[in-house]
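*Asks:* With the sequences and hints as input, model every part of the structure.
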Amino acid sequence: MKLITAIIKPFKLEDVKEALTAFGITGMTVSEASGFGRQGGHTEVYRGAEYTVDLIPKIRLEVLVDGSEAEKVIDVIVKAASTGAIGDGKVWSSPVDNIVRVRTGERGTDAI
Amino acid sequence: MDVVLNSGDTAWMLASTALVLLMTPGLAFFYGGMVRSKSVLNMMMMSMVTIGIVSVLWVFYGYELAFGHTSDSPWYGGFSLSGLGSKVNDLTNNGGTYPIPLLVFAAFQLMFAIITPALISGAIADRAKFSAWAVFVAIWSTVVYFPVAHWVFAFGNKVGDTVTGVGYLAGKGLEDFAGGTAVHINAGAAGLALAILLGKRVGWRKEAMRPHSLPLVMLGSGLLWFGWFGFNAGSALAANGIAGLAFMNTQVATAGALVGWILVEKIRNGHPTSLGAASGAVAGLVAITPACAFVAPWAAVVIGFIAGILCSLAVGLKYKFGFDDSLDVVGVHLVGGIWGSLSIGIFGASVVNSVGINGLLYGGGLALLGKQALGVGLVAVYSFIATLIIGFAIEKTIGFRVKKDAEVEGIDLNEHAESAYEMYSSSRGGSSL
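Read top to bottom, the protein sequences are chains A and B. Last residue of the first sequence: 213 in the numbering used here, with the numbers rising by one and none dropped. Last residue of the second sequence: 460 in the numbering used here, with the numbers rising by one and none dropped.
These are computed hints drawn from the structure, not numbers from a lab. Beta carbons are placed, not taken as given, at the ideal position from N, Cα and C, and that holds for glycine. Any given hint could turn out to be false.
One-sided excerpt, in silico: chain B residues whose CB lies under 8 Å from chain A [to be verified]:
1. Arg237
2. His298
3. Ser301
*Replies:* Structure follows, in structure tokens:
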């Protein structure tokens, strides 16, 4: 089992969600995040005083999948989230020891 | 001939009084939007509590100290604790009898006494102990605003042809229609003194201290602009041509300043900003305040436009000199007030107002400019020094600043046990009832 984490541009969330649903993914967790990578920040000016805003808003999307599907899911996310411009984000996967569905107590891949 | 009450004038003054009151909640929005989300309530409360404190003082002795006739002094009006009880049937007498009830005049002037200390609060955003601020407002109003209002606005007790108890600057011929000196320079100089005395906010110039809600700032500037028609046109104390002149000049000077400020931004930074438009409007309102009944409308546009440029450049001075005048009380109110007060010495014209005298451009020479400079200098120096002394005394007794950890965590939570916004539903918590 794998946890796929994707950091994407906020306006790409709908595209990614649709693509994942079409692929057959039935659940995900989305949170608002901020950070920086190669894109860097931007500058804002208030009454002539310049502020460099380093941290830019991103969406952090997490999906639990069966290990055999992980590569395909990553491809789906990358394809849907890509604009080709700097700041498109990153996607990574990490191994997951166990998963429990709280309502039923199902464990492992059954709980995905 | 006895003056009898005029219902038209009285109606306009009642409306103007309510307009000027609205400026202080408007100021609370204007300032509140400019601070960080953790201190917006404290910022707004500094204005709101001023309404509470000054109104009470005004009834018991403030009005008498500013406009009373018992002392015959150029420096203060008089001492009386009558609570305005003996004035209920009087008409206004301020260098002549006006056909409006004294209580209406007293209520109108009260609104000026309220907003002046409220303006100062922007210089010490995010870091003043609320109790210390409340004490400061009471003492500052008593020692600084009430007397200075007498110097500038008290035209004396006129009985027959004799006038007594004229305020010092009014007697010297200072032209300040609605408070460029008594309100704006006064508040600006006091703001400078407190900003220096209290010191910088934790993290100043290191962390981004961005305005947390520019729509609140825009709302505030709109309310200020609207209320300012009462402030300036109401200062005619009548529904007449002078009120109309002041009204028009208020509008066009503000417009000129708005354009001037965002033009500077466009040229200097590349983007005209909403904060710049709101700030420019207020700078224009400040600058035209003393001049609004003494200059022609074309001159009001010029005064406003220059104010917009001047103030947009002046707000950068705090970084050069290293004092944290958080919301630019100095850059906008002191600088705008000085420019507006001096501008009458240039653009003043007796053809637009027979009470006024000619400035430089109308062949009046430097005489009027000299009187204006005296008013500017006297009020600025007195306010600055008196504020330093009051602030120092408060700092040494009850302390003026909140503790560092309270300031970092947020002054709203620590001084008021409230937070302005529910950021996360998980922070909703439970009731202890």
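*Asks:* If a hint holds in the structure, say so; if it does not, say that too.
*Replies:* Okay, the hints, checked on the actual structure:
Given the 8 Å rule on beta carbons, the hint for B:Arg237 holds: about 6 Å separates it from the nearest Cβ of chain A. Taking 8 Å as the C-beta contact cut-off toward chain A, the hint placing B:His298 at the interface holds, the least distance being around 7 Å. Taken as an interface hint, B:Ser301 does not check out: its beta carbon lies about 10 Å from the nearest beta carbon of chain A, beyond 8 Å.
Of the hints listed earlier, the one the structure fails to meet is number 3.
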